[in-house]
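Given only the sequences and the hints, what does the whole structure look like? Please build it.
Per my numbering, the very first residue in the sequence shown carries number 433; after that it's consecutive.
These aren't lab readings, by the way, just hints derived from the structure by calculation. Any given hint could be a false lead.
[Said to hold, decoys possible] Derived DEER-like restraints, expressed as beta-carbon distance ranges: (1) ALA440 with LEU514: 19 to 25 Å; (2) ASP548 with ALA496: 35 to 41 Å; (3) THR545 with ALA472: 18 to 24 Å; (4) SER446 with THR473: 16 to 22 Å; (5) PHE451 with GLN486: 23 to 29 Å; (6) VAL466 with GLY549: 35 to 41 Å; (7) ALA438 with GLU495: 26 to 32 Å; (8) ILE443 with ALA559: 35 to 41 Å.
Where a beta carbon is used, it is the ideal one built from N, C-alpha and C, also for glycine.
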Amino acid sequence: PNYVGADAATISASMTGTFEYEPGDVREVPDFNVFFRHNATYPYYSDAIWYLTQMRRWGQIAEAHDDQWYHDVAASVYRPDLYMEAAQSLIDEGLASAEDFPMGSDGYRAPATLMDGIAYDGHTPNAY
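Right, dumping it as structure tokens:
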């Protein structure tokens, strides 16, 4: 509670699929916190590249770069190869199934329209 400013019951409820938005407004929200499902832990290059586009947008990266630069920076930090090695070990040990992981992924999510209404494709960050 001292670290996040909430009591243990509130934290526990949010992690088990129930959340109280305000006193008396308790709702079932199974995906309020997602720790593993939906490939939440997979290190997508496209996610790293989106963060970089936002850093550029807000002046934390001063100079413009080509799309390859974004990929190279993401690939220097995000390691889907290591993730998939660990995933394969879990599969081999019977602790997970192949369906739990983005097998065959190129490291990029499919293009998506984000909250700003603009389509984002990690392969072409400068178009965003």
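Now for the hints, and whether the structure bears them out:
The beta-carbon spacing between ALA440 and LEU514, approximately 34 Å, falls outside the hinted interval of 19 to 25 Å. The given range of 35 to 41 Å is broken by ASP548 and ALA496, whose C-beta atoms sit roughly 20 Å from each other. Distance hint for THR545 and ALA472: a CB-CB separation of about 20 Å, consistent with the stated range 18 to 24 Å. Between SER446 and THR473 the beta carbon distance is about 18 Å. The supplied range of 16 to 22 Å therefore holds.
Take PHE451 and GLN486: their Cβ atoms lie about 27 Å apart, and the range 23 to 29 Å holds. Our hint of 35 to 41 Å for VAL466 and GLY549 is violated, since their Cβ atoms are close to 24 Å apart. A C-beta distance of roughly 41 Å is found between ALA438 and GLU495, which places it outside the suggested range of 26 to 32 Å. For the pair ILE443 and ALA559, the supplied restraint of 35 to 41 Å holds, since their beta-carbon distance comes to about 40 Å.
Hints 1, 2, 6, 7, counting from the list given before, are not met by this structure.
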